[in-house]
Amino acid sequence: MFRSAARAVALLSRPKLARSVTDGTQFDIARIADELASAELSRIPIAAPSTTSPRFDVEDAYGVQSINIARKVAAGETRVGHKVGLTSLAMQKQLGVDQPDFGVITDRMVIANGGTVDVGELIAPRAEAEFAFRIGADLAASPTIDALRAAIDGVAVAIEVIDSRIADWKITLVDTVADNASSARIVYGRFMPATDELIAALPSLTAVLEQDGEEKVSGLGSAVLGDPLISLHWLATAIGAFGDGFRAGDVVLAGAVASAVPLVAGSSYAVSADGFDTVTLHAISAD
Numbered sequence: 027m028f029r030s031a032a033r034a035v036a037l038l039s040r041p042k043l044a045r046s047v048t049d050g051t052q053f054d055i056a057r058i059a060d061e062l063a064s065a066e067l068s069r070i071p072i073a074a075p076s077t078t079s080p081r082f083d084v085e086d087a088y089g090v091q092s093i094n095i096a097r098k099v100a101a102g103e104t105r106v107g108h109k110v111g112l113t114s115l116a117m118q119k120q121l122g123v124d125q126p127d128f129g130v131i132t133d134r135m136v137i138a139n140g141g142t143v144d145v146g147e148l149i150a151p152r153a154e155a156e157f158a159f160r161i162g163a164d165l166a167a168s169p170t171i172d173a174l175r176a177a178i179d180g181v182a183v184a185i186e187v188i189d190s191r192i193a194d195w196k197i198t199l200v201d202t203v204a205d206n207a208s209s210a211r212i213v214y215g216r217f218m219p220a221t222d223e224l225i226a227a228l229p230s231l232t233a234v235l236e237q238d239g240e241e242k243v244s245g246l247g248s249a250v251l252g253d254p255l256i257s258l259h260w261l262a263t264a265i266g267a268f269g270d271g272f273r274a275g276d277v278v279l280a281g282a283v284a285s286a287v288p289l290v291a292g293s294s295y296a297v298s299a300d301g302f303d304t305v306t307l308h309a310i311s312a313d
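For this note's numbering, add 26 to where a residue sits in the sequence shown, where the first one is 1.
Everything labelled a hint here was simulated from the structure, so no lab data went into it.
Glycine is no exception: its CB is placed at the ideal position from the N, C-alpha and C atoms.
One thing to keep in mind: the hints can contain errors.
Using C-beta positions, here's what the derived DEER-type ranges look like [unchecked claim]: (1) 101 to 146: 19 to 27 Å; (2) 78 to 138: 32 to 40 Å; (3) 63 to 223: 40 to 48 Å; (4) 239 to 60: 39 to 47 Å; (5) 163 to 300: 26 to 34 Å; (6) 142 to 240: 16 to 24 Å; (7) 240 to 56: 43 to 51 Å; (8) 275 to 224: 18 to 26 Å; (9) 69 to 252: 32 to 40 Å; (10) 163 to 313: 37 to 45 Å; (11) 57 to 105: 19 to 27 Å; (12) 57 to 225: 39 to 47 Å; (13) 172 to 194: 37 to 45 Å; (14) 100 to 239: 40 to 48 Å.
Can you make the complete structure from the sequences, with help from the hints?
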């Protein structure tokens, strides 16, 4: 799985706006980007691009993602980090995919610890338990794992709210990639100093996701590609294929430790792990 994902990302150096396929049909990734952007605004999901454009591949999907992130930045949002998705076997089984992907976090997606998320702004949101990392220094594209480790200055527990602009979560890998790795919102707790002891302990730590005080799911850090640090290194290498890299201040989500649970208006969610301050989020409906 790890090698196949890295190989897939390595193919993404030449995004394109359109292509012809052997049967003579064409599809325009700008059109797919338009459809996904419209779905996010209207909260009316679309059919999976993998079904409407069967030749749509992972290279095209990252091209769609790039178009819509550029639009958000042009509209005033700021890139503040990155996420790895589909790193745990539980999430891969839940969504029917077999390798990781990645997306971009903007400031509009970040909610303060203890804050609220309006489910009416989303389509079919779910909550995940994750470990978040804060990067303390700029890194070159595709750093060594030692350089990455040295650049991490904080670790926290986090809740990622994922959402799909594709109807009924009926997605393949290319669909979620195009949809910015199904990202929606994030909230993270207080960052703890990234000591060697803490980083080494992460694979053996259990993160627990509760809804209204009842445990829903839990998972070890080792569920995330064996070690959250390995997941971060995979991501650094993946975005390095585009000449991108982590920057000081970036917040990076390493991936869910367990399956996602539905985000229900009126409920409160919390993620905890030994040695970390708990992070909380309240789901509301303003409608």
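Status of each hint after checking the structure:
| no. | hint | in the structure |
| --- | --- | --- |
| 1 | 101 to 146: 19 to 27 Å | holds, 21 Å |
| 2 | 78 to 138: 32 to 40 Å | holds, 38 Å |
| 3 | 63 to 223: 40 to 48 Å | holds, 44 Å |
| 4 | 239 to 60: 39 to 47 Å | holds, 42 Å |
| 5 | 163 to 300: 26 to 34 Å | holds, 28 Å |
| 6 | 142 to 240: 16 to 24 Å | holds, 20 Å |
| 7 | 240 to 56: 43 to 51 Å | holds, 45 Å |
| 8 | 275 to 224: 18 to 26 Å | holds, 20 Å |
| 9 | 69 to 252: 32 to 40 Å | holds, 37 Å |
| 10 | 163 to 313: 37 to 45 Å | holds, 44 Å |
| 11 | 57 to 105: 19 to 27 Å | holds, 24 Å |
| 12 | 57 to 225: 39 to 47 Å | holds, 44 Å |
| 13 | 172 to 194: 37 to 45 Å | holds, 43 Å |
| 14 | 100 to 239: 40 to 48 Å | holds, 42 Å |
Of the numbered hints listed earlier, not one is contradicted by the structure.
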